[in-house]
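Quick note: the sequence shown uses our numbering, first residue 7, plus one each step.
Keep in mind that a hint or two might mislead.
[Stated by the list, open to error] Simulated pairs of lysine to aspartate or glutamate, DMTMM-like, Cα-Cα distance not exceeding 20 angstroms:
1) Lys84 with Asp196
2) Lys211 with Glu222
3) Lys216 with Asp179
4) Lys205 with Asp179
5) Lys124 with Asp136
6) Lys218 with Asp174
7) Lys153 with Asp179
8) Lys31 with Glu14
9) Lys182 with Glu202
10) Lys124 with Asp146
11) Lys154 with Glu121
12) Lys45 with Glu69
13) Lys33 with Asp63
14) Lys190 with Asp174
15) Lys180 with Glu220
16) Lys33 with Glu14
17) Lys223 with Asp174
18) Lys153 with Glu120
19) Lys189 with Asp63
20) Lys45 with Glu70
Hint data in this document are derived by calculation from the structure and do not stem from the laboratory.
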Amino acid sequence: MGDYNFPEINWDSWNSPGDSTESNKYKCLENLQENFLFKHVSRPKRWRGTNTPHTLDLILTNEEQMISNLEYQSPLGKSDHCTMKFDFNCFTNIKSKPQIIKLFSRGNYIKIKEELDKINWIDLLQKENDIHKNWRSLLDIIQDMDKKYIPTKERKQMGRGKNNFPMDKNTIDKIKRKNILSKKITQNNDSEVRKEYNKIRNQVKSRVNKLKREYEKNLSEKAKENPKAIWSYIKSNNKNQRKNWGFTHRSRRYKIR
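All chains should be modelled from the sequences, with the hints used to inform the complete structure.
Laid out in structure tokens, this is it:
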């Protein structure tokens with residue numbers, strides 16, 4: 007997947023009229039055909055003003071079923087390239103097992119002590135026995151006590167979007183409206199629709215930034231009361247970007263989907 011930047015290529019007929027066999031466009035088409043690659047983008051993804059829309063961004067695979075549910079969505083910020091959302095079907099068998107953790111702080115150590123006191127350790131761990139045999143006997147007892155008197159629980163899996171800042175209904179509605187207008191622009195490139203789109207796009211950007219600042223400010227003010235929340239949010243951020251939160255420098259990540 008990427009921006010191939012070959013606006014002259016006619017992807018409906020898979021040719022680039024007038025180009026020599028030494029041009030990059032010709033070599034690109036030849037390479038795709040020789041390797042039997044599938045092109046999944048079927049409509050222009052880049053437009054600007056009255057310019058002719060072009061299909062510059064491509065998704066290529068060696069199997070047609072690898073891409074499904076492809077959606078064309080509104081551009082990010084002031085970009086003139088619309089974004090794409092799709093499912094990548096890699097058919098990998100991944101068996102996720104729930105993680106079981108032991109709650110040692112809730113163990114019944116009184117019962118453990120009572121049972122251990124009943125054991126005749128001299129008879130159990132005889133000197134004549136092989137050291138490995140004695141160790142196995144001791145280990146079996148420890149594991150039995152652990153199983154009987156140390157409770158366990160299943161650790162919950164953390165969702166990827168758990169630490170995203172919350173958005174109100176008004177902001178969500180504006181994002182939906184922005185996506186609708188973006189689709190209309192790709193269909194007819196109406197100037198009035200574009201004006202409305204630019205207005206909504208700027209409102210969404212301003213509102214999202216404001217909500218993010220408010221959320222981060224609220225986290226920083228409650229850092230002493232709830233340190234886990236703020237560290238969980240910080241861990242989800244990109245370590246390559248730094249930002250001053252008012253009390254120390256933290257890393258952050260912008261999640262683009």
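Structure-based check of all given hints:
1. Lys84 with Asp196: With Cα atoms ~17 angstroms apart, Lys84 and Asp196 stay inside 20 angstroms; holds.
2. Lys211 with Glu222: OK: Lys211 and Glu222 at ~17 angstroms, within 20 angstroms.
3. Lys216 with Asp179: At roughly 16 angstroms apart (the allowed maximum being 20 angstroms), Asp179 and Lys216 satisfy the hint.
4. Lys205 with Asp179: holds (14 angstroms)
5. Lys124 with Asp136: Given pair Lys124, Asp136 is violated - Cα atoms ~23 angstroms apart, limit 20 angstroms.
6. Lys218 with Asp174: At roughly 12 angstroms apart (the allowed maximum being 20 angstroms), Asp174 and Lys218 satisfy the hint.
7. Lys153 with Asp179: violated (52 angstroms)
8. Lys31 with Glu14: holds (8 angstroms)
9. Lys182 with Glu202: holds (13 angstroms)
10. Lys124 with Asp146: Since the Cα atoms of Lys124 and Asp146 sit roughly 15 angstroms apart, the hinted pair holds (cutoff 20 angstroms).
11. Lys154 with Glu121: holds (11 angstroms)
12. Lys45 with Glu69: holds (10 angstroms)
13. Lys33 with Asp63: Measuring from Cα to Cα gives roughly 17 angstroms; hence the hint holds.
14. Lys190 with Asp174: violated (25 angstroms)
15. Lys180 with Glu220: Holds, at roughly 19 angstroms.
16. Lys33 with Glu14: Cα-Cα ~13 angstroms, so holds.
17. Lys223 with Asp174: holds (17 angstroms)
18. Lys153 with Glu120: holds (16 angstroms)
19. Lys189 with Asp63: Holds, at roughly 17 angstroms.
20. Lys45 with Glu70: holds (8 angstroms)
Of the numbered hints listed earlier, those contradicted by the structure are 5, 7 and 14.
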